[in-house]
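Student: Below are the chains, spelled out letter by letter.
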Amino acid sequence: MTFRAELRSWLDANTEELEPCRAPLRTFDERLTALRRLQAHLWDAGWASQGWPTAVGGLGGTAVDRAVLYDELTRHRLPVGGPLEHVEILAPPMVVHGDPDVVRGPLRSLLDGTGLWCQGFSEPDAGSDLAALRTRAEPLGDGFRVNGAKIWTSWAGVAKWCVLLARTGTLEERHRGLSVFFVDLDTPGVTVMPIRQANGTDELAEVHFDDVLLDRGALVGRIGGGWQIAMDILACERTSFAWLRHLHLRERFASLSAHVDRAGETAVDLFALGCTTAASVRRLARGTFAGPEAAICKVALTTTEQRLFDLALETAGPELLLDDRGDLARWREDYLFSRIVSVYGGTRQMQLSTLSRFVLGFGPEPVS
Amino acid sequence: MTFPDEVFLAAATAALDLDPPGWDWDVLDSLELWSCTGLGDEDERAGFAALFVAQGETLRSTAGLSALMAQAVLTHPGRAAATYGARSDGHDIVVHAAPEVVHADLAVILLPDSVGTADPAALRPAGGASIDPAVVSTWRIDRCDVTPIEAPSPDDAALTLPRLAAALEMLGAARRGFELACTYAADRRQFGRPISDFQAVRHLLAEGLVHVRLLADACALTLEQPTTDRAILLKALAGRNGRAALQVAQQVFGGIGFTAEHVLHRHQARVLALDAVLGTSAQLTRQLGLAGAVPSTPRLD
Numbered sequence: 001m002t003f004r005a006e007l008r009s010w011l012d013a014n015t016e017e018l019e020p021c022r023a024p025l026r027t028f029d030e031r032l033t034a035l036r037r038l039q040a041h042l043w044d045a046g047w048a049s050q051g052w053p054t055a056v057g058g059l060g061g062t063a064v065d066r067a068v069l070y071d072e073l074t075r076h077r078l079p080v081g082g083p084l085e086h087v088e089i090l091a092p093p094m095v096v097h098g099d100p101d102v103v104r105g106p107l108r109s110l111l112d113g114t115g116l117w118c119q120g121f122s123e124p125d126a127g128s129d130l131a132a133l134r135t136r137a138e139p140l141g142d143g144f145r146v147n148g149a150k151i152w153t154s155w156a157g158v159a160k161w162c163v164l165l166a167r168t169g170t171l172e173e174r175h176r177g178l179s180v181f182f183v184d185l186d187t188p189g190v191t192v193m194p195i196r197q198a199n200g201t202d203e204l205a206e207v208h209f210d211d212v213l214l215d216r217g218a219l220v221g222r223i224g225g226g227w228q229i230a231m232d233i234l235a236c237e238r239t240s241f242a243w244l245r246h247l248h249l250r251e252r253f254a255s256l257s258a259h260v261d262r263a264g265e266t267a268v269d270l271f272a273l274g275c276t277t278a279a280s281v282r283r284l285a286r287g288t289f290a291g292p293e294a295a296i297c298k299v300a301l302t303t304t305e306q307r308l309f310d311l312a313l314e315t316a317g318p319e320l321l322l323d324d325r326g327d328l329a330r331w332r333e334d335y336l337f338s339r340i341v342s343v344y345g346g347t348r349q350m351q352l353s354t355l356s357r358f359v360l361g362f363g364p365e366p367v368s
Numbered sequence: 001m002t003f004p005d006e007v008f009l010a011a012a013t014a015a016l017d018l019d020p021p022g023w024d025w026d027v028l029d030s031l032e033l034w035s036c037t038g039l040g041d042e043d044e045r046a047g048f049a050a051l052f053v054a055q056g057e058t059l060r061s062t063a064g065l066s067a068l069m070a071q072a073v074l075t076h077p078g079r080a081a082a083t084y085g086a087r088s089d090g091h092d093i094v095v096h097a098a099p100e101v102v103h104a105d106l107a108v109i110l111l112p113d114s115v116g117t118a119d120p121a122a123l124r125p126a127g128g129a130s131i132d133p134a135v136v137s138t139w140r141i142d143r144c145d146v147t148p149i150e151a152p153s154p155d156d157a158a159l160t161l162p163r164l165a166a167a168l169e170m171l172g173a174a175r176r177g178f179e180l181a182c183t184y185a186a187d188r189r190q191f192g193r194p195i196s197d198f199q200a201v202r203h204l205l206a207e208g209l210v211h212v213r214l215l216a217d218a219c220a221l222t223l224e225q226p227t228t229d230r231a232i233l234l235k236a237l238a239g240r241n242g243r244a245a246l247q248v249a250q251q252v253f254g255g256i257g258f259t260a261e262h263v264l265h266r267h268q269a270r271v272l273a274l275d276a277v278l279g280t281s282a283q284l285t286r287q288l289g290l291a292g293a294v295p296s297t298p299r300l301d
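Respectively, the protein sequence lines represent chains F and U. Using our numbering, read the first sequence as starting at 1 and increasing by one per residue. Using our numbering, read the second sequence as starting at 1 and increasing by one per residue.
Where hints are given, some of them may not hold.
Pair ranges (Cβ atoms, derived) [what the hints assert, rightly or not]: (1) F/GLU6 with U/THR2: 48 to 56 Å; (2) U/PRO112 with F/ASN14: 45 to 53 Å; (3) F/ARG325 with U/PHE191: 30 to 38 Å; (4) U/GLY192 with F/GLY189: 29 to 37 Å; (5) U/GLY292 with F/GLY326: 30 to 38 Å; (6) U/PRO112 with F/ASP29: 25 to 33 Å; (7) U/GLY292 with F/GLY189: 30 to 38 Å; (8) F/GLY105 with U/PHE191: 54 to 62 Å; (9) U/GLN251 with F/PRO24: 42 to 50 Å; (10) F/ASN14 with U/GLU150: 49 to 57 Å; (11) F/GLY169 with U/GLY192: 35 to 43 Å; (12) U/ASP155 with F/GLY363: 28 to 36 Å; (13) U/ASP155 with F/PRO24: 33 to 41 Å; (14) F/GLY169 with U/GLY254: 52 to 60 Å.
Simulated from the structure, these hints should not be mistaken for laboratory data. No residue lacks a Cβ here, since even glycine has one placed at the ideal position from N, Cα and C.
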């Protein structure tokens, strides 16, 4: 039997056990609990470790296996994403760039749902200009001492591990002076402060580092090699994550069931997004991170998600804004979240600048 | 990663460039298009895609699309070519068809609810001009010259390959027009610098790139996993993104791109003409919306 066929029969045979992960989940906390529970089931049955190298505790296989897993989960009306989206954003580059002995433990806890990850990139003064970040990791003894602050860190409030991009060189070195560390958020000196968002959830957080001491083993890759890892992470956020997100959006679109003219536009958007993210997952499975072309997927995701929830808002009518009966609260939360898709993971404008500079080959933008 | 395969695309481009022009049945034979109507293996798919993308890029034409339409209706089409649409006008039937139809051995006339065949010599040019006469023009035929046959009018399922072919040609036409605009942006100087230095122009072209790449990826996936529904979605996408990419090109070219001597308008005409047949983007999108269609997920395994 193929992986997909085996997975399907397992999902069908375990409908009852999985039901609590599937029930309509109104609150953010309920959804988080359900996702963790689902991930524990998937780990115990061996599905969550499929698609990861054996060196880091996986069963082998590629990103295609993982993509098939998400496809089958959504077909069985099970949730994908939430804080587990870092399985597709952070984990693939960490597995490639990190020492297997360092990555194995955190990866296992991510995959079984007990130890989630977060991405420590943005800072108050380093948003689109990520290479201007100031959080410092200075050598101390056999390890490092970290000082600084991150902001807009998704899921930090519920995470155990932070993939931290920090400055090990000088500010003038810009992107060449950065390194990546695996930081246990329970380490003394780390403070996480959730940020209440416009859509009512507190997915984002500030993460402060005050004299945080790290072992040598916390370093991923080499000193000064952080930028490439960060670029590969951003590429995954725009491609393999976009595949997962597209499956989620497809389910939301199906449940909207809007039989109106302009729903066709979103159907076409989702079709195109599915095709382009599928192609990117296949490239990833062949061992190639997407590079600047990943921006194409992100622009497509942005357009699709915003138009889908525009459609939801306009077809649901004023109740979506005025009431929270049934699933209206969820639609409102999703509508509001869709407004920020053109910002997170690189703004739409940064994506367009990346494409024109590197893919169209126009070179750096002259500043006049 | 290029689509379609570069070697096949070069072969198709060379075949379309034969001197004297062999851009009729000979080209189709040389590319063995007729062995690949099932799109069974990778080479067949690459040949199919290359022919239609090359037509769009070079603005040449073959009987390919009309022949695919005939294949959608006839079991043994041979060198038959079908019309795209028809209406009655007194004793005549007025049809839209590719000019290559007159070179076919048999013309298949697709009426709203029935199908007939005719001797291509019975087709008379109806005068007037379509936006791209190389793709489609208008013909008249006397009703008496059309022999009704026992065949259902092609439904969405039968139109799967023709729609895929049309989308591939629209990709070729739109992508080449867009690439010309990218080259122009790097060459054209204003305010003492290439206009590609300006962020407004860069971002515009980057949006155009997204339109073109999404269409290319969708063509590749549909070619690999063709279904009736995907072909409808693809044809709708091709019209929408093809036009959008060429609007970007028009904007970057400025006035020169709006002149008859510049080739851009021919790329635009090709895309518009192909959008006009086998269901326009607007018609198909509306149909999808009203039906509550949800695209099926691509298979990765």
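Student: Hint by hint, where does the structure go against what was stated? Just the numbers, ascending.
Tutor: 1, 3, 4, 5, 6, 7, 12, 14
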